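**Student:** This is what each chain is made of:
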Amino acid sequence: DAAVTQKPRYLIKMKGQEAEMKCIPEKGHTAVFWYQQKQSKELKFLIYFQNQQPLDQIDMVKERFSAVCPSSSLCSLGIRTCEAEDSALYLCSSSPQTGKGERLFFGHGTKLSVL
Amino acid sequence: GEQVEQLPSSLIVQEGASVLINCSYTDSASVYFPWYKQEPGKRLQFIIDIRSNMERKQNQRLTLLFDKKTKHLSLHITATQPGDSAIYFCSPHNRIFFGDGTQLVVKP
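Sequence order for the protein chains is A and B. Its first residue numbered 939, the first sequence is counted upward by one per residue in this note's numbering. Its first residue numbered 334, the second sequence is counted upward by one per residue in this note's numbering.
Treat the hints as calculated values from the structure; they're not laboratory data. Heads up, some of the hints might be wrong.
With a cut-off of at most 35 Å between alpha-carbon atoms, the simulated DSBU-like pairs for lysine-lysine come out as follows [to be verified]: (1) B:LYS401 <-> A:LYS951; (2) A:LYS960 <-> B:LYS375; (3) A:LYS965 <-> B:LYS370; (4) A:LYS1049 <-> A:LYS951; (5) B:LYS370 <-> A:LYS976; (6) A:LYS982 <-> B:LYS440; (7) B:LYS401 <-> A:LYS945; (8) B:LYS440 <-> A:LYS979; (9) B:LYS370 <-> A:LYS1000; (10) A:LYS979 <-> B:LYS401; (11) B:LYS440 <-> A:LYS1049; (12) B:LYS375 <-> A:LYS1049; (13) A:LYS965 <-> B:LYS390; (14) B:LYS375 <-> A:LYS951; (15) B:LYS401 <-> B:LYS390; (16) B:LYS401 <-> A:LYS960; (17) A:LYS979 <-> B:LYS370; (18) B:LYS402 <-> A:LYS945; (19) B:LYS440 <-> A:LYS965; (20) B:LYS402 <-> A:LYS1049; (21) B:LYS375 <-> A:LYS1000; (22) A:LYS1000 <-> B:LYS440; (23) B:LYS404 <-> A:LYS982; (24) B:LYS404 <-> A:LYS951; (25) A:LYS982 <-> B:LYS401; (26) A:LYS951 <-> A:LYS982; (27) B:LYS390 <-> A:LYS951; (28) A:LYS1000 <-> B:LYS390; (29) B:LYS370 <-> A:LYS953.
It should be emphasised that the depicted structure is a prediction, and the values quoted were computed from it without experimental measurement.
Please model the entire structure based on the sequences and the hints provided.
**Tutor:** This is how it looks when you write it as structure tokens:
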């Protein structure tokens, strides 16, 4: 089965600190998605990359996050100044193409705790 | 904006029972409908999908029904096992929106 790798698995930051998490998409996948999940429920879309270019993102990401895919084999999601409400599981997923008919492959996630 | 409604939010059943999870969406342009399962401590995992030109798809104990007219999907799980305990998500909006999830607990 395809596997997406996320690092670190756990991240603890103080309020106001910067946080960074990385994702290695499945080889050959050109679409990368980041989601935020709180309390093991709702998956909130954050940003979507196609061929390393950001094509869609929510306002929160534009304002407080930094997200890049410097290569086809690495993406990163950063939070410039952590806030308590950023505590969540951050999930990265990838899929082979940009079309509407492909399933997503997920990483285990990075669990961020902001103290 | 687009909306997804997934019900129920939680289910507790005895092993062997059947369950039904419903998902409604608003985007008429949606053509592909994957479902995912999230077990505690494990990564989200694809379980079944259906395309808009189909009405029904079965994969072992999973049956997915799709009504294009009403924009409604139903996931039917038969003969549930404790290993089916997980959160189930529908994803009707091109990977951007997910349902809020249905937490299924199957008691032995």
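**Student:** Please go over all the hints and tell whether each is borne out by the structure.
**Tutor:** Checked hints:
no. : hint                   : result
1   : B:LYS401 <-> A:LYS951  : violated (46 Å)
2   : A:LYS960 <-> B:LYS375  : holds (18 Å)
3   : A:LYS965 <-> B:LYS370  : holds (23 Å)
4   : A:LYS1049 <-> A:LYS951 : holds (11 Å)
5   : B:LYS370 <-> A:LYS976  : holds (16 Å)
6   : A:LYS982 <-> B:LYS440  : holds (29 Å)
7   : B:LYS401 <-> A:LYS945  : violated (40 Å)
8   : B:LYS440 <-> A:LYS979  : holds (21 Å)
9   : B:LYS370 <-> A:LYS1000 : holds (30 Å)
10  : A:LYS979 <-> B:LYS401  : holds (26 Å)
11  : B:LYS440 <-> A:LYS1049 : holds (28 Å)
12  : B:LYS375 <-> A:LYS1049 : holds (13 Å)
13  : A:LYS965 <-> B:LYS390  : holds (29 Å)
14  : B:LYS375 <-> A:LYS951  : holds (23 Å)
15  : B:LYS401 <-> B:LYS390  : holds (14 Å)
16  : B:LYS401 <-> A:LYS960  : violated (38 Å)
17  : A:LYS979 <-> B:LYS370  : holds (12 Å)
18  : B:LYS402 <-> A:LYS945  : violated (43 Å)
19  : B:LYS440 <-> A:LYS965  : violated (39 Å)
20  : B:LYS402 <-> A:LYS1049 : violated (39 Å)
21  : B:LYS375 <-> A:LYS1000 : holds (29 Å)
22  : A:LYS1000 <-> B:LYS440 : violated (44 Å)
23  : B:LYS404 <-> A:LYS982  : holds (21 Å)
24  : B:LYS404 <-> A:LYS951  : violated (42 Å)
25  : A:LYS982 <-> B:LYS401  : holds (25 Å)
26  : A:LYS951 <-> A:LYS982  : holds (21 Å)
27  : B:LYS390 <-> A:LYS951  : violated (45 Å)
28  : A:LYS1000 <-> B:LYS390 : violated (39 Å)
29  : B:LYS370 <-> A:LYS953  : holds (32 Å)
Hints 1, 7, 16, 18, 19, 20, 22, 24, 27, 28, counting from the list given before, are not met by this structure.
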